[in-house]
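Participant: All chains should be built: construct the whole structure from the sequences, respecting the hints.
Order-wise, the sequence lines are chains P and R. Heads up, the first sequence is in our numbering, so the first residue is 29 and it goes up one at a time. Heads up, the second sequence is in our numbering, so the first residue is 6 and it goes up one at a time.
Just so you know, these hints were derived from the structure itself, not from any lab. Wrong hints could be hidden among the right ones.
[Unchecked claim] Using C-beta positions, here's what the derived DEER-type ranges look like:
hint, chain 1, residue 1, chain 2, residue 2, range
1, R, R13, P, R315, 45 to 51 Å
2, R, P225, P, T121, 50 to 56 Å
3, P, V114, R, E90, 54 to 60 Å
4, P, A94, R, R182, 55 to 61 Å
[Claimed, not checked] Here are some of the chain P residues that sit facing chain R, going by a computed Cβ distance under 10 Å:
hint, residue
5, L193
6, A194
7, R308
8, L312
Ideal Cβ positions, reconstructed from N, Cα and C, are used throughout, including at glycine.
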Amino acid sequence: MDTLIQQIVSGLATGGIYGSVALALVMIYQATDVVNYAQGEMAMFSTYLAWTLLNAGLPYWVAFVATLAIAFVGGVLLERILIRPVENAPVLTIVIVCIGLLVILNSVAGWIYSYIQKPFPSPFPSKPIRVGNIYFGAHDLGALAVTLLVLAGLYVFFRFTTLGLAMRAAAQNPVSSRLCGIRVGWMLALGWGLAALVGAVAGMMVAPIVFLDPNMMAGILIYAFASATLGGFTSPGGAVLGGLIVGVIENLVGTYVKFIGTELKLTVALALILIVLVVRPSGLFGRAAVHRV
Amino acid sequence: MPALLAVRNLEARYGETRVLRGIGFEVAEGGITTILGANGAGKTTTLRAVCGMVRTTGEVTLAGQRIEGRATEDVVRLGVAHVPEGRGTFVQLTVEENLRLGAYARRDRGGYAAELTRVYKYFPVLAERRHQVAGTLSGGEQQMLAVGRALMLRPRLLLLDEPSLGLAPLVVREIFRIIRTINREERVSVLLVEQNASLALGLADHAYLMETGSVVMSGPAAELRENDAIRRAYLGY
Chain P
29 MDTLIQQIVS GLATGGIYGS VALALVMIYQ ATDVVNYAQG EMAMFSTYLA
79 WTLLNAGLPY WVAFVATLAI AFVGGVLLER ILIRPVENAP VLTIVIVCIG
129 LLVILNSVAG WIYSYIQKPF PSPFPSKPIR VGNIYFGAHD LGALAVTLLV
179 LAGLYVFFRF TTLGLAMRAA AQNPVSSRLC GIRVGWMLAL GWGLAALVGA
229 VAGMMVAPIV FLDPNMMAGI LIYAFASATL GGFTSPGGAV LGGLIVGVIE
279 NLVGTYVKFI GTELKLTVAL ALILIVLVVR PSGLFGRAAV HRV
Chain R
6 MPALLAVRNL EARYGETRVL RGIGFEVAEG GITTILGANG AGKTTTLRAV
56 CGMVRTTGEV TLAGQRIEGR ATEDVVRLGV AHVPEGRGTF VQLTVEENLR
106 LGAYARRDRG GYAAELTRVY KYFPVLAERR HQVAGTLSGG EQQMLAVGRA
156 LMLRPRLLLL DEPSLGLAPL VVREIFRIIR TINREERVSV LLVEQNASLA
206 LGLADHAYLM ETGSVVMSGP AAELRENDAI RRAYLGY
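Facilitator: This is how it looks when you write it as structure tokens:
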């Protein structure tokens, strides 16, 4: 029983990270109908920046906030410089640009920082926290708290601020948005900035677990795809919930199904994507695409 | 009366096809002007051209200021509210969020609450459904929402693209009644594009008739209503 609860909590912690990256994917997908394959590498690169800032002697939370700011500005700039010129191009063109960005960020990170794994500090104590008779990893609990805080912040922003409303409007109906005076191009850029910011949080929270290296987000991006698919690519809340579910399933299957263990965990994510696509393609909370003819 | 909107020699093309062949018209300050014409005459393109949604050549002057070639977002900031073809509802947002977006381009944030009350006064059904997702509204309610959203801007010029399309006659009459009230009480100038000529001529004080991208006739609405050619072709009696 204790193991079960421990595994669920630890699954929620990694699930929150998957959910964050999934949310970043969904945010951009809803606005542009394009999946940003470079989302993981953007997060990885942000985490390296955080590592640089920490090595320069900045306190953790200062480096954390600074990284979020840099990631946000970086995301906005990437949209303006790379995506804007191909905005009206066919979807495949934009996909290729994103994959190009993925490869470039990966190589540049390897070139600057080398491909050798680096440890990345956790801001939380290394001593486990005891609740009742069960011990939880402090980083697990802390990462979950940070992730949920960021997600709550985003929710409040999109739900209650005029700018958040304008961003949702721009994603749904660009033509009507322009007629309301909304600068749609900038809303898309802000969306990229926020997605980059969320990704940076995920990167910094997962790096202490998987260690820092240029390929650290590859697996996580697949889990994020599974999460977004499960929750529905059209539902931000669903993507986060999908992440939590995937995280827990992954941990439980890894612990209790002997032949899967840790080696085959990633396969679970891929199997999940397949099953969802066959059984319920719009995901648990997504809306099926309906087109008037 | 001085013209609030003056259009001269306006041309637009989609690819090789010339959709507007150098048209000219005016909307008087405080007046209601209508552009009539059959499907494909270029009425919708004319409205889209006024607020920078299609590329054009020619002159568009709003209150003495040249606005052709400006981005749609900037034309909106000059007080031009466009109720587009198909209503342009944000279907996944609530009624009230739709209305909030209508006021997005306004500088005075304070006026929002007063404006909202005003729109709800015109369209009580929107107040009843304020927290409902706009996509669940009926066609008539969505048209009211579209007009309401435009009013939130407190526009000087209201562009209406076929507000009667696909609606029951009773609903259409209600919407036209409100447009008239808005025009009289708030001095909002209106440019109305319609296929329903008898409705439009009943509302407007000045009318233009378009055929395949050109203005072929214009004059006071009352005169056009008496014109035999118009009667036969567009009014059907």
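Participant: State for each hint whether it applies.
Facilitator: Results of checking the hints against the structure:
At roughly 46 Å, the beta-carbon separation of R13 of chain R and R315 of chain P lies within the given 45 to 51 Å, and the hint holds. Look at P225 of chain R against T121 of chain P: about 53 Å separates their beta carbons, and that is inside 50 to 56 Å. The given range of 54 to 60 Å is broken by V114 of chain P and E90 of chain R, whose C-beta atoms sit roughly 28 Å from each other. Judged by the Cβ atoms, the range 55 to 61 Å given for A94 of chain P and R182 of chain R holds: they are separated by roughly 59 Å.
Below 10 Å, beta-carbon pairs count as interface contacts, and L193 of chain P has one with chain R at about 6 Å; its hint therefore holds. Using the Cβ-Cβ criterion of 10 Å, the hint placing A194 of chain P at the interface with chain R is satisfied: the shortest such distance is roughly 6 Å. Hint status for R308 of chain P relative to chain R: violated, with the closest Cβ pair at about 20 Å, above 10 Å. Interface restraint check for L312 of chain P: the shortest CB-CB distance to chain R comes to about 18 Å, outside 10 Å, so the restraint is violated.
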